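Protein chains: 2
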Amino acid sequence: MNIAGIICEYNPIHRGHTHHIQETRRLLGEDTAVLCVMSGNFVQRGQAAIFEKHARAAAALRCGADLVVELPLPYALSSAERFAFGGVSTLNLLGCATHISFGSETGDLAPLHAVSECVDAPETLARMKAELKKGVSYPRARAHAVYSVLGEQAGVLMTPNNTLGIEYLRALKATQSSIAPVTIPRKGAQHDSAGAESASFIRKQFQAGSDPWPLIPDGAGDIYRAEIAQGRGPVFTEALEIAILSRLRMLQPAAFERLPDASEGLERRLMRAVALCPDIQSIARETKTKRYALSRIRRMILCAALGVTADLNRLPPPYVRVLAIGRCGREILSRARETAQVPVITKPASVRRLGGRALKLFELEAAATDLYTLAFDKKVRQGGREWTLSPIVDTE
Amino acid sequence: MNIAGIICEYNPIHRGHTHHIQETRRLLGEDTAVLCVMSGNFVQRGQAAIFEKHARAAAALRCGADLVVELPLPYALSSAERFAFGGVSTLNLLGCATHISFGSETGDLAPLHAVSECVDAPETLARMKAELKKGVSYPRARAHAVYSVLGEQAGVLMTPNNTLGIEYLRALKATQSSIAPVTIPRKGAQHDSAGAESASFIRKQFQAGSDPWPLIPDGAGDIYRAEIAQGRGPVFTEALEIAILSRLRMLQPAAFERLPDASEGLERRLMRAVALCPDIQSIARETKTKRYALSRIRRMILCAALGVTADLNRLPPPYVRVLAIGRCGREILSRARETAQVPVITKPASVRRLGGRALKLFELEAAATDLYTLAFDKKVRQGGREWTLSPIVDTE
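In the order they appear, the protein sequences are chains A and B.
First residue of the first sequence? That's 734 in my numbering, and the numbers climb one at a time after it.
First residue of the second sequence? That's 734 in my numbering, and the numbers climb one at a time after it.
Chain A with its partners taken away, still in its complex shape:
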């Protein structure tokens, strides 16, 4: 039995994701078990997830996943490179994944491999440095440098899923992973464009009060509807604005200096903006320079509010936390019990025994959830929720 790792956010899950899981099985064998590493209550674009992580994990089971584990906050709220490092490291640490499957616009590993090798070559790095000196953004400098070395193959860097795929390949190499990559051509639209296979579009439907349900796979829709009925979501970062501003305004300068991506004065720009601006949007706008994408600034803002510091995603995670167990989930877990290099956590309380880095990370997750739940209906926005949630089990 193959075990295919998928690094994901499912924010929310849509038919494009279902298609990706199905195609992965078609490629690797119908008995392939699907092991998802999914971001938690805050996602890579620097926003609160639309539904709580356990609900999103349960929805993933309904769409074909067998086991969902968490990509810890410090990796989820970081650059594509650290996001990929966190996801690939989690699969490495579990020790039982045979493959990693990711969607890409190209659908072809060859150009992604070529670019991923090229990106770290000394010649490319030198050209990048020259480009960066001109003041262009990091992704653009990289694209230019790779283009000047590889020519047209560099074109794969133009689209977001290819770019993330390249980071997975780099992370596999950097961690000397034995996991084999496969890529599935991404169906339909890009992240932010309108369309049925865009999580971003579906979130906008929710936010606008339009009907998002036709765009969501049925089983997943049931889960999300139940969440809404319970007063948990849909969550939008806007609902947390006062909660976030309240924290930002009490931070000491040292806290800004410890932020991920604190470099070249960006943290000082952020600190000044926090001191003056009336809302998150204007803080982000005031902090942004042409070198940095807005999502990076939004991530910094969330990291500041949640206490995520730069040091927290340098090493692989100290544990793997299980969010949801599906049909073949127990089989993956029993394999992992033999192969895992770090504790695999199902009951939150067990983290207390681990202490050290593991306990610190879990406490960070718990604190993040304590902020996240402030966006729930008052009757269900109790604190301490993270410590009460065991994995969702759905093995039908």
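Note that these hints are calculated values from the structure, not bench results.
Just so you know, not all the hints are guaranteed correct.
Chain copies aren't distinguished; within one or between two, either way the pair holds.
Here are the simulated DSS-like pairs of lysine-lysine, each with C-alpha atoms no more than 27 Å apart in a straight line [unchecked claim]:
1. 920 / 1080
2. 1111 / 1021
3. 1021 / 937
4. 1080 / 1112
5. 1023 / 1093
6. 1021 / 866
Note that the structure is a prediction, hence the values are computed from the model and not measured.
With chain A held as given, fit chain B onto it using these hints.
For chain B alone, kept in the frame of chain A given last:
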């Protein structure tokens, strides 16, 4: 010229307050200058003030005050004893107040003096200790002990303004102050009862959307109306609930231990309640024991959110900050320039030069205002407001 100090909150100011100022002048001479020491954006009952401190100070000028200075946050958010200590110390430090005038239900200094002497007598303290052992609240234990020594005179302890008056007398004695106390019989209702001379009643009118304006002196009403038109208030603690919860949920255990009134496990009860409860009301309810008044718990909650620690009200304030200058305000200030034992601050920026305890306290005030302003309309809820506000001058 006499200078009468009045320690106050004016939250908001009403005809009872105007009456108190007028009666003070009738008693001490019509040329008496009135110097108010007023709490800032958070008040002694553990709530956000209904209007910003500068607006409340400006309203006080319209009602007969000549100069309004700030009672710093760590004294405002504390017990009657520390509140009185902070207010009396501020008057002492200015060095130019000849009298302190306070309202009381009795209107007679004699029983207040008698009780204030009795409260600190060894015999009373011994009896109090015995009462406290029975598990009754501190005010009740004190009342019983004083009653057992003084008999019926202890009855003055039954009402809130008498009780506060006794604390002023104790603070005058404890600080060996040369300021002479006078008391004005309080007209009309007590703090929390319905009626035209109750700030609490007027706040409820605002909150219920009823018409509060007939209860507010005209000049003050103009100030408050202008504030509302600008999007600044009326502020209710409820509007800050998410902002406060957001901060409480990120506090480390050590922060709870440093809180004022952290004793007998109250701080641990609060910490547990914060971890579990969905709102401030339920946190307060869960934390409360029969020994402690709800306002004490509410103050602890605000202190936790604002970073006010127990050590901050032990010493007299390191500066006196001017909020508003009225008709004889400049004359009081020029006297104070000769008599003051600490810097008298008009421009916020000057605090930077003072450094040390003064700068720390001002930064605490600035941070508190940064939380407070989150209750303003979005367009005017910028951070950094505390550093931009010079005294209101209204010398007509």
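Tested hints:
In this assembly of identical chains, the alpha carbons of residue 920 and residue 1080 never lie at most 27 Å apart, being 37 Å within a copy and 62 Å across copies at closest. Taking the shortest alpha-carbon separations for residue 1111 and residue 1021, only the inter-copy value of 21 Å comes in at or below 27 Å, while the best intra-copy value is 34 Å. Only within a single protomer do residue 1021 and residue 937 lie at most 27 Å apart by alpha-carbon distance; the minimum there is 24 Å, versus 44 Å between protomers. Taking the shortest Cα distances, residue 1080 and residue 1112 sit within 27 Å of each other inside one copy (25 Å), while across copies they are farther apart (45 Å).
Taking the closest pair of Cα atoms, residue 1023 and residue 1093 never come within 27 Å of each other, the shortest separation being 35 Å inside a single copy and 36 Å across copies. Taking the shortest alpha-carbon separations for residue 1021 and residue 866, only the intra-copy value of 18 Å comes in at or below 27 Å, while the best inter-copy value is 60 Å.
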